[in-house]
Every structure is written in structure tokens, then in C-alpha cells.
Amino acid sequence: MSLKIVVLAKQVPDTRNVGKDAMTAEGTVNRAALPAIFNPEDLNALEQALRLKEQHPGSTVGVLTMGPPRAGEIIRQGLYRGADTGWLLTDRLFAGADTLATSYALATAIQKIGDVDIVIGGRQAIDGDTAQVGPQVAQKLGLNQVTYAEEVLSVKDGKATIKRVIDGGVETVEAPLPVVITVNGSAAPCRPQNAKLVMKYKRATCPMERPAEGTPYDYLYEERPYLTLNQWSVADVDGDPNQCGLAGSPTKVKAVKNIVFQAKESKTLTASDADVEGMIKELLDEKIIG
Amino acid sequence: MNYYSDHPEIGFYLNHPLMARIVELKEKGFADAKEYSASLSSAAANNAPASPLSFRRGVGGEAAPVDLGDAIENYRQILDITGDVAANIIAPNSESVDLEGPHLENGRMIYASKTFENIDATRKAGLWGVSMPRRYGGLNLPNVVFSMLSEVISAADAGFQNIWSLQSCIDTLYEFGSEEQRQKYIPRICAGETMSMDLTEPDAGSDLQRVMLKATYSEEEGCWLLNGVKRFITNGDSDIHLVLARSEEGTTDGRGLSMFIYDKRQGGVNVRHIEHKLGIHGSPTCELTYKNARAELCGSTRLGLIKYVMSLMNGARLGIAAQSVGLSQEAYNEGLAYARERAQFGQKIIGFPAVYDMLSRMKAKLDAGRSLLYQTAAYVDIYKALEDIERDRKLTPEEKQELKKYQRLADAFTPLAKGMNSEYANQNAYDAISIHGGSGFIMEYKCQRLYRDARIFSIYEGTTQLQVVAAIRYIINGTMLQNIKDLAGSLCCDGVEAPLAAPSASISASSSASLAALKARVEALIPVYEEALATVKALENQEAIDFLSRRLYDMTAEIVMSLLIIRDAAQAPDLFEKSAVVYVGMAEEDVLGKAAYIKNFQPASLANFRAE
Numbered sequence: 001m002s003l004k005i006v007v008l009a010k011q012v013p014d015t016r017n018v019g020k021d022a023m024t025a026e027g028t029v030n031r032a033a034l035p036a037i038f039n040p041e042d043l044n045a046l047e048q049a050l051r052l053k054e055q056h057p058g059s060t061v062g063v064l065t066m067g068p069p070r071a072g073e074i075i076r077q078g079l080y081r082g083a084d085t086g087w088l089l090t091d092r093l094f095a096g097a098d099t100l101a102t103s104y105a106l107a108t109a110i111q112k113i114g115d116v117d118i119v120i121g122g123r124q125a126i127d128g129d130t131a132q133v134g135p136q137v138a139q140k141l142g143l144n145q146v147t148y149a150e151e152v153l154s155v156k157d158g159k160a161t162i163k164r165v166i167d168g169g170v171e172t173v174e175a176p177l178p179v180v181i182t183v184n185g186s187a188a189p190c191r192p193q194n195a196k197l198v199m200k201y202k203r204a205t206c207p208m209e210r211p212a213e214g215t216p217y218d219y220l221y222e223e224r225p226y227l228t229l230n231q232w233s234v235a236d237v238d239g240d241p242n243q244c245g246l247a248g249s250p251t252k253v254k255a256v257k258n259i260v261f262q263a264k265e266s267k268t269l270t271a272s273d274a275d276v277e278g279m280i281k282e283l284l285d286e287k288i289i290g
Numbered sequence: 001m002n003y004y005s006d007h008p009e010i011g012f013y014l015n016h017p018l019m020a021r022i023v024e025l026k027e028k029g030f031a032d033a034k035e036y037s038a039s040l041s042s043a044a045a046n047n048a049p050a051s052p053l054s055f056r057r058g059v060g061g062e063a064a065p066v067d068l069g070d071a072i073e074n075y076r077q078i079l080d081i082t083g084d085v086a087a088n089i090i091a092p093n094s095e096s097v098d099l100e101g102p103h104l105e106n107g108r109m110i111y112a113s114k115t116f117e118n119i120d121a122t123r124k125a126g127l128w129g130v131s132m133p134r135r136y137g138g139l140n141l142p143n144v145v146f147s148m149l150s151e152v153i154s155a156a157d158a159g160f161q162n163i164w165s166l167q168s169c170i171d172t173l174y175e176f177g178s179e180e181q182r183q184k185y186i187p188r189i190c191a192g193e194t195m196s197m198d199l200t201e202p203d204a205g206s207d208l209q210r211v212m213l214k215a216t217y218s219e220e221e222g223c224w225l226l227n228g229v230k231r232f233i234t235n236g237d238s239d240i241h242l243v244l245a246r247s248e249e250g251t252t253d254g255r256g257l258s259m260f261i262y263d264k265r266q267g268g269v270n271v272r273h274i275e276h277k278l279g280i281h282g283s284p285t286c287e288l289t290y291k292n293a294r295a296e297l298c299g300s301t302r303l304g305l306i307k308y309v310m311s312l313m314n315g316a317r318l319g320i321a322a323q324s325v326g327l328s329q330e331a332y333n334e335g336l337a338y339a340r341e342r343a344q345f346g347q348k349i350i351g352f353p354a355v356y357d358m359l360s361r362m363k364a365k366l367d368a369g370r371s372l373l374y375q376t377a378a379y380v381d382i383y384k385a386l387e388d389i390e391r392d393r394k395l396t397p398e399e400k401q402e403l404k405k406y407q408r409l410a411d412a413f414t415p416l417a418k419g420m421n422s423e424y425a426n427q428n429a430y431d432a433i434s435i436h437g438g439s440g441f442i443m444e445y446k447c448q449r450l451y452r453d454a455r456i457f458s459i460y461e462g463t464t465q466l467q468v469v470a471a472i473r474y475i476i477n478g479t480m481l482q483n484i485k486d487l488a489g490s491l492c493c494d495g496v497e498a499p500l501a502a503p504s505a506s507i508s509a510s511s512s513a514s515l516a517a518l519k520a521r522v523e524a525l526i527p528v529y530e531e532a533l534a535t536v537k538a539l540e541n542q543e544a545i546d547f548l549s550r551r552l553y554d555m556t557a558e559i560v561m562s563l564l565i566i567r568d569a570a571q572a573p574d575l576f577e578k579s580a581v582v583y584v585g586m587a588e589e590d591v592l593g594k595a596a597y598i599k600n601f602q603p604a605s606l607a608n609f610r611a612e
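Residue numbers (my numbering), protein chains in the order written: chain A, 1 to 290; chain B, 1 to 612.
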């Protein structure tokens, strides 16, 4: 069977390579100082989607992302690796979204796309680390969800068989389609970009980012429709503005503080009976064991 | 980490003065993009959905560049992808591949397990058949860019670079095979099938005229059948082989040899043995037995060695030059990183003159050798692209002249680029170990692998001694002297070559003054070289000329590279000025020493050298 697969992907600041200017004086992330990258676990998810596409001829993979116009880069990155299409949700009304408003926006977009068999994304993004968006999207769409997936083993007879990571091992589960899957970072890494696809799509942009008329290569956009990426506003996905962006986000940040640990994090014990006994007692008192 | 973008010295050569001409010729006036556009608008006019399949020459038109800037941008993107695959997949696999190596199973060669990962990654990245025209599924890359890809992959794992770069055998099939053979085989290489060139045999190594593998035409089967043994075949269990075999019964020299295409799907060739080698463990070196292996003739009979293998070897030699430059870079990186980290006598060892002297020479050899590589690749590109145009239409008299000029330059420069860079790679690998001290002798450090891997570079595809033989006639007959004079003349007084690309604005007055002084020093070497040349010729003693030819070869190459690196430093002083200063000093040291040797040489003293 051919599958319609939507990959949820997010453009994030590269928090893995944090320099000293990564934070502003106010304690927020200095996005200008950190390169914007494809969220790593979303790349794992994209790889699973592309493998399914290879196994099921006729399948399509589309990348769905939300962000400012420059986040179109995420869709290009997907196209470079073999995705067929993408959608950029971009609108001032989407801005300032917490996980609830984000999942609302993504869910409405998925409804708009329609007839989706598999929604697949990374377990969590490296900037927020919440791991809430995937499950919330499933909830809003009323779909089954499988989290912490490591590999989609097979899809047949309307069911997906998925290996997922659990404490101390893995388990294999089955879920009827349509299903929402979030992928763990231990899954197979994403394939490299493909030279031919990069050449084909390197100028693909959403309409808001298209180079002005009169600049080099402007004529290509008329001639080659695949260079124009789908760009959707709140209205385009028939969204309720009150559930989007800041308006739809119950999370309110009261203050951001730098945490400096006061207590020493470690204690040195000797092998004496007294020290060992003391440690057992302390662990029992702290309810860490027992 | 990215093995391409981390070293801006590589991408610099995309601004080579000949690059605009190369792209113009290679893209044939950007015909693919124009044809694709036309197919789109005609599809629109017919109200049919625009499909890439309506591109008459097959898929790929959408990836074709529309102008020079677009082409260069494509090259950069491909290099960036390759640099990423090299740094993040191939390099991390290299140690495991080196330790595991390939093995033999029921007459088949099985790669080291991580080699399969490397092949898969390069396939997914679309890095196969890259030099082929788009109508067969290729990327139509010029040799300059192919050499850059080779270099980047070699820096990650020189053994894997062999497997990958043998795809360039397809150039020979494209040039000399029939259209039917092109359509049958090229798309398979573009999809990632591998190649090998089956030339050498137990009794035919450097001397390929002695090849005995027998090709007989079978009327019954309607095809050629190959029988015999090949030895030392790199990637010998590949999907598609080009085989040199004796088709003319009763002949004993090169004129009885023809080139054949053997498709592994046909069967009939087995691997009898895989060699245990000092280095490049990931690259399987096979002994093959042919038993009635069905094969197709490529081109005409009798031209196998004298025409096709010569073409194949020239391409392969440039491939080894690129492989050498990649390893030189990696050896330099390893040496530099260790010297920065390691402290002795209370300071980092990079601060000691004995250590930074070594490092600066490594970098100078790397940079000068790389410049020679891309100069040569550019010459190859122009004449090959003109030859390709000639397959479609008659060349104008000017184009014919241009073709001849660049073919001659390519022929003269290729043995210099291969020989010098392969020697430099060995020297850099040696010095990388020296900088590591005792640690460099321990198997845990990468520099020991580089040292082992480099050793074959100055041996296969023609030893350095044979590169000297290939180059010497252009040296003795004065062609190279003229090339040197032309090159020196093309640099303006401040060292800047009459530029196609504008020189970078960052050239300071002091930098161009010092480059002018450097250039004057190199120019002072030219009469010394000319005199040495005259001295050798005046000996009129072939043995003495052969004996001294390596010295003339080195002097020629060093003067050429001095001029090239000064040209590059004028364009990009930040990247190359230090190396220009260091390299010219080295060239003086060597050229003057060799001139003295030649001046004082007496043919009668050869008796002192003969081993017996």
C-alpha cells in the first residue's frame, strides 16, 4: 500500500555547540549567535519516513514545519534528502506558541493536508526538550500514538509495527493507521543530502522569501513551480486565531533565572563500615532506596 | 566537521582562471538547462503537467545550471555534501575498515562491513557517475571538481577513495564505447555500481605489453570470451570491469591488445585471492581467474593498450594525484593538532623551530602540490570538453588549436602532478609521525595508517620513476621550459596573474611587494634550470640522461609549483602567502643543489653507481 506520510520538523538553535555568547544578558537564548539547524531527532524521523517511502512505492513524504519564513530551510533540507513536498506554517498569529498552541497549529495543518496515514516527528526538540508536541498532536487528531520509536519495522494490513525504546530494553508494538510516531535519537541517522536534489531545489523558497524581481534567477520561479514552497497562514489552515500563538498558549513565563548549584554535588565516602552504613541510612531517609 | 568547507584552500580553485572557460565548454552553452526550460514551456502550452520526463534527454535537466555562477554554486553544494559525508560517515569508519579489511567467500570478495556503509552513503548522496552527461543520469562535473571530491574522500579514507574514484573508468567507456554500450552501462554507474580496470597480470606489471589474458570471439555464443588470470586488480570484484586482453592470436606486443567490458552479471570471473597489503586495507586488491567470461569489445580491436589504456591511465593518474593531496592534508592536520596539544620542556612543541619547520614544509608541499593538481585538472578539462564537443560537430580552427594546446599541457603536467603529489603525501605522512614522536609509532594514532596508506601512491598507476619517464620528453625537448616561461610571464610584476577573477581586495601593499620579490627569486632559478637542461642534453649519453632525469623532473616541478603558489598567494594571501614563502625557499634549496649535482656530473662516474 502507498502511504501518505507527514514529517513534523522544527528549526532549532544549535544548542549542542554553545559558545559563551549563547545567552543574552536577560537570560534568554541568543538566537543570532547560534546557527539554526534541523532538530536532530526530526532528522531521525525523516529517515524513517524515507525508508517507508522506499518500501512502499507510490508513497509520499511531506515535511511540515512552523516558524518564520527562514524556516523554509527545513523544507529544503527535507527535499534535498528525498521528501516530495513540504508546508511552512508562517503567520504572525502563530508566533509565541507554547507546546499546546504548536500542536493545535500542526494538527489543523494535518487535517488540511488530509488523508494522512503516518505523522512522524522527533521525540523532542533540543531547544525546549518537552517531548510534548508529538503526543499532543495525536491527542488533538484523536489518533494512536507510539513514542520513543527506534524503527518502523513494517506497515501492512493497515497496521504499523514499531520497535520502541523502553527502560532497559526495547519493545515491539503494533498500531492501526493512521498513527502518530515520535522517534528517539537512537534511531538510524538520516541519509545525506542528494547532489541532484540539491541542485534541483537549492532556490526553492516560500513566497515571502522569494528574491525580488530583477534579481538574478527571478525568472526561474515562473518557469519552475517546484521552486515555490507551500506557505500557510492561520486562515489557510482554517485555524482559530485564539488557539494559536501567544493567544493560545497558557504557558506564561514569570521569570528566567540562572541556576547556580550551591551544594557540592558529590560526597566522598571511604570503604569503612561506618561510612557504608551512613550512606544506606541516608538513601533510605531520602526515599531513594527502600 | 566538513572535509571540504573546513579547508577553504580547496574551494579557492573554483575561481581558477580557466574555470569560466571550462564551464562554458562542459555545459555546451548551458544547453541542458535551456532544453529543460523549453520542455517546460511547451508542456505548459499543451496544458500538460510539467514533468521532468518531458525533458528529451532524460531526467536531470532540472539540476542543470543556467549560467556560470549557478554552475559554481552547484559545485560548492556538491563539495559540501561530500565534505559532510567524508567527515561524518567515511572518516569515522576508516579505522574499522583498516582493521577488518575485505575477505574472500566462495570466489567472491566481500568488503569490510563499514565499506558497505560508505558505499551506501555515497549512493544516497548521488556521488556516482558524477562526470557523466545528464542524459545518462550523471552530474556533468568537470575534472577539477571530480578531483576535489576525490581529495576530500581520500582525506577521510584513502582506501575508500579507490573504490569510489574507479567510477572514472566510465569516462573511457563513454569516450570509446558505442552509444548502445553507453546507454547500457552509464546509468548503472550513476546509480552506484562499481568499476575496476583489469590491466596487470603476474608477468605484466609496469610492462603492460606483455598482457596474456586471452580474448577469443565465439561465433556460437556471438560474443567474446575471456580466459586467463589478472593480478593486483584494485576493486577486482566490481560490477563492471574494463579488461585489457589479447585478441590477436600470435601477437606478443601492445598492438595485439584490445579493451573489453565485462559485466559481473554475466559470470565467469572469480576472485582467487585477495592480497594482504601494507596499507589501503579497505581497497580490495584481487587476483582474478577468467573462465569463458562473456565480454563485449569496447571500441576497436588492437587499440586497447595504445589508445584506451593510455586514456584510462591518464585519468587514473590524476585520481592518484588527488588521493595524494587528500592524504597530505590529513597528515598535516594530524601533525598540526598533535603539535598544538603536546607539551614538552614546559611548552607546546609547536613553538619549537624544529617542529614548525616541519609543519610549514608540510603545508607548503600540500598547497603547492594542490595547485599543481588543479592546474593539471583544468588543462584536462578544456581538452576533454573540446573532444566531447567534437563528437557532435566540427570544431573551428581556433577550437582545434585550443584542444591541441591543452592536450599537450595536460600530457606534460599529469606525470608531474601524480609523481610529485604522491611523493609529498609520503613525506607528509612521515613528518606527521615525526611530530608525534613515539606516539606516532603506536597503532592507536591515525598517522600510522596514513603512513601505510600513502606508500602505494608513488607505486601504482605508474611508479614515480615511470612518471619521470612520461614527463622527461617534455622536459628535454624544452616544452616545459617554455611552459615555465609562459607561466612566469602571465604573472604581472606583483605576482598577480592577469586575472579573470578580480584579485581579493585584501592584498596589502607589503604582501604584493614580498610576492614580487619571491617571483624574482623564482625567475632567477629559470636560467639555472635552463643551463642544467643544456648540460644534460650535451652529454649525448642516453644512460646518463636517464640517470639524471629524476633530478630534472624535480627541478621542473618545483619551479612550476613555485610560480603557481605565488599566483595563488596574490589572489588569496591569507590562504597561501606563508606557503609561497616557504615553498620558494625549498625550491631554491633543491633546484640549486640539483643544478650543482648536474654541473659536476661525469658520465664516467656512472660505474660508481651501478650495483653490479
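Check before you lean on any hint, since a few could be wrong.
List time: in silico SDA-like cross-link candidates among lysine to any residue, alpha-carbon distance up to 20 Å [said to hold, decoys possible]: (1) 202/A with 84/B; (2) 202/A with 119/B; (3) 34/B with 222/A.
Quick caveat, the hints were computed from the structure, so don't treat them as lab data.
Comparing the hints with the structure gives:
1. Restraint check: the Cα-Cα separation between residue 202/A and residue 84/B comes to about 17 Å, which is no more than 20 Å; the hinted pair holds.
2. Between residue 202/A and residue 119/B, the direct Cα distance comes to roughly 25 Å. Violation of the 20 Å bound is thereby established for this hinted pair.
3. A threshold of 20 Å between alpha carbons decides the hint, and for residue 34/B with residue 222/A the separation of about 15 Å falls inside it, so the pair holds.
Going through the hint list in order, the structure does not satisfy hint 2, though it satisfies all others.
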